[in-house]
Amino acid sequence: MSKLQLITKGFIKDNPTFVLLLGMCPTLATTTSAVNGLSMGLATMFVLVLSNIVISAIAPVVPDKVHIPVYIVVIATFVTVLQFFMQAYTPAMYETLGLFIPLIVVNCIVLGRAEAFANKNGVLDSALDGIGVGLGFTCSLTVLGIVREILGSGSVFGLKFISGDGILAFVMAPGAFLALGYLMVLFNKITKKNK
Amino acid sequence: MAIKSNLKNMVIVLTAVCLICSSVLAGVYAMTKEPIDAAAREKTDKAIALVLPAFDKTEAATVETDGKEYRYYSASKDGETVGYAVESSATGFGGTLSLMVGITVDGKVYNTSVLSHGETPGLGAKCTDDKAFTEQWKGFDPSVKTLAVKKDGGDVDAITASTITSRAYTLAVSNAVDAFKSITAQEDVNNE
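Chain order of the listed sequences is A and B. Residue numbers for the first sequence follow the working numbering, beginning at 41 and rising by one. Residue numbers for the second sequence follow the working numbering, beginning at 142 and rising by one.
In case anyone wonders, no lab produced these hints; they're calculated from the structure. Accuracy of the hints is not assured; some may be wrong.
Simulated crosslink set (DSS-like; lysine-lysine; CA at most 27 Å straight-line) [unchecked claim]: (1) Lys198(B) x Lys145(B); (2) Lys249(B) x Lys105(A); (3) Lys233(A) x Lys49(A); (4) Lys105(A) x Lys292(B); (5) Lys145(B) x Lys160(A); (6) Lys149(B) x Lys184(B); (7) Lys160(A) x Lys279(B).
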């Protein structure tokens, strides 16, 4: 697999949201607006890239029986670092995403990439894999956020284009499931055609 | 490719990983402690500035009313107290709704500001920016008007379809007014 493919496969073939259906909890909960989806994606990508790098580097010296605890400690460390930085430099964003930042620790995308890729591949490949999957996740979340924001509050990235409210259900939990379901149908239809 | 899983190896690796991770965390914590505190302080200062008329000095203190403790900031200009900013909270639709309520010395609400909330976006979350709702607190006089939403026989216009949030908001303001009464009662005692 070429280096470029490592990055692009996270978008289409291994898209974490629309194909692998991983990390559904933050996907459904934080995409109430485009900005929220984008920041959640970037936060996850930060952790994903760094944990992939470190895990691929230490994998040869980690005994098999304790590899899960070691990986979780590494991931939790990066999440906590991220949490400190967000609290210090982007307090408003930290408040919006709140609970879902610490929950990145148990996000199955991060542990999934560590198990499926980083512990078998080199540092550079793992970093690229982290970037690819992270970007795929970020884009999916942003698209979902944009759709929900347009339908739910009639705005894109906070810029309002209709007065009054949109279809409020789309900002709330049921709308997350509806929007995700239809986007998934659309995504699969487009990717199937290309095959 | 991984090394053998015997007890010695596992203990060494886990101990090493935990030691390294905790020292990294300690370092980052020390590095970000100051900006985090500064951000929290700035947020409080902004909220106080928003809910009270111009002042040049604030002082933090706490007061107890009905068994609950309230943190408040007394603001003064040229040595004269202009009002009190009281931190107050109530349970809304989606968890705790915390407010900063500014009350001037004559007992009127000067302005209110939401510190944190967990209300539904598009419905209860409007309590932060719905002009029709937030503007009515400016100059609200609790000695003339009743602190309850219109549905409950009071004088507060509720946000459409968000009565629970509006009730919580009103309750938080009303708690702040009670706290204000205790503050002034306390200061009267101190002055005598």
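Results of checking the hints against the structure:
| no. | hint | verdict |
| --- | --- | --- |
| 1 | Lys198(B) x Lys145(B) | 65 Å, violated |
| 2 | Lys249(B) x Lys105(A) | 66 Å, violated |
| 3 | Lys233(A) x Lys49(A) | 17 Å, holds |
| 4 | Lys105(A) x Lys292(B) | 63 Å, violated |
| 5 | Lys145(B) x Lys160(A) | 17 Å, holds |
| 6 | Lys149(B) x Lys184(B) | 50 Å, violated |
| 7 | Lys160(A) x Lys279(B) | 63 Å, violated |
Checked against the numbered hints listed earlier, the structure breaks hints 1, 2, 4, 6 and 7; every other hint is satisfied.
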